[in-house]
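For the record, the sequence lines run as chains A and B.
Number 41 in numbering that gives the first Met the number 0 belongs to position 42 of the first sequence; there are no gaps in the numbering.
Number 166 in numbering that gives the first Met the number 0 belongs to position 167 of the second sequence; there are no gaps in the numbering.
Check before you lean on any hint, since a few could be wrong.
Computed far set for chain B versus chain A, every beta-carbon distance over 10 Å [claimed, not checked]: (1) 11; (2) 32; (3) 39; (4) 64; (5) 100; (6) 101; (7) 121; (8) 142; (9) 190.
Some chain B residues near chain A, calculated using beta-carbon distances under 10 Å [claimed, not checked]: (10) 24; (11) 104; (12) 169; (13) 170; (14) 223.
Please keep in mind that the hints were generated in silico from the structure rather than gathered at the bench.
Don't be surprised by glycine CBs; every beta carbon is placed ideally from N, CA and C.
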Amino acid sequence: MNHWPFIIAAYALVLGGSAALAIWGWISMRAAERWADEVTRR
Amino acid sequence: MHIFANPARFLKIARPATAWTLALAVPLIMAGVIGGLFFTPRDYLQGESVRILYIHVPSAWLGMAGWAGIAVASVMQLAWRHPLAAVAGRAIAPVGATFAFMCLASGSIWGRPTWGTWWEWDGRLTSMLILLFLYLGYIALASAERERGGEGRMTALFGLVGAVNLPIIHYSVLWWNTLHQGPSISLTGGSSIASEMLWPLPLTLFGFTFLFAGVVLMRMRAELARARAEARLRRNAGT
């Protein structure tokens, strides 16, 4: 059995999931901090 | 920990810490992944599939460490009413759940070529699946309690009680007959894995741990910013 398709699938899942987590965290943090700054300036 | 009780003081440290953790995470993960995929030998028994080790072990470690973090935050909330403890618990939960899921999924993918099956209801796999369900329960409970305007004490109790699953996961491979291999790496007793295969693992372990910390810090900063905006809006509406 060729193991490489399994290896590629596992790495794609974990690296993709981690990247998605980091991007989601960054976008929601920037949006929340921008909103807080706007509300504070009003 | 009480020096972080003031959100302004916490943010002063969290802002540079977010950048540092993410800046350390990326090169460490890249070095560990490249090393694990291209610069380590294949295992004499498992063949090439052993390379899944370098991402599966950090996912398992962070799935469990995430709940340990929730348990610590729960104690701080229940015992000392630390104002950031509930925020930390809510920030950790989805990140820990994602790593628990990635541990189960990567382990399942690893199991197919190694054991000949995607899944087996044995002690290690089942207790890890229970951890994922505990995370989902914690997230739902925290969300419901927050909508009701509660302090999150029920959620904290749930976080504390759920920690009983951590030693079960850890010792499951010793307590029950299992397809999953026994402990091969120990902080005190060395490792049964050859050093030429082991060296990328600390890189991915530290890399994913820094990434986890960075994402948790970003989620805490987001929640504190939302709380600040909502408080200001309420104050404006009242005047």
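Structure-based check of each hint:
1. Chain A leaves residue 11 of chain B outside its interface by the beta-carbon criterion, the shortest separation being 14 Å against a cut-off of 10 Å.
2. Once the 10 Å rule is applied to beta carbons, residue 32 of chain B is inconsistent with being away from chain A; the minimum gap is 7 Å.
3. A cut-off of 10 Å between C-beta atoms confirms that residue 39 of chain B is not in contact with chain A; the least separation is 12 Å.
4. Residue placement check: residue 64 of chain B keeps its beta carbon more than 10 Å from all beta carbons of chain A (closest about 15 Å).
5. Distance check for residue 100 of chain B against chain A: the nearest CB is about 8 Å away, which does not clear 10 Å, and the non-interface claim fails.
6. Not every C-beta of chain A lies more than 10 Å from that of residue 101 of chain B, the closest at about 5 Å, which undercuts listing it as non-interface.
7. Taking the minimum C-beta to C-beta distance to chain A, about 20 Å, the non-interface status of residue 121 of chain B holds against the 10 Å cut.
8. A cut-off of 10 Å between C-beta atoms confirms that residue 142 of chain B is not in contact with chain A; the least separation is 15 Å.
9. The beta carbon of residue 190 of chain B is kept farther than 10 Å from every beta carbon of chain A, the shortest such distance being approximately 21 Å.
10. Taking 10 Å as the C-beta contact cut-off toward chain A, the hint placing residue 24 of chain B at the interface holds, the least distance being around 8 Å.
11. Taking 10 Å as the C-beta contact cut-off toward chain A, the hint placing residue 104 of chain B at the interface holds, the least distance being around 6 Å.
12. About 21 Å separates the beta-carbon of residue 169 of chain B from the nearest beta-carbon of chain A, more than 10 Å, and the hint is not met.
13. Checking residue 170 of chain B against chain A: minimum C-beta separation of about 25 Å lies over 10 Å; hint violated.
14. The beta carbon of residue 223 of chain B is positioned within 10 Å of a beta carbon in chain A (closest approach about 8 Å), and the interface hint is therefore held.
Going down the numbered hints, you'll see the structure goes against 2, 5, 6, 12 and 13, while the others check out.
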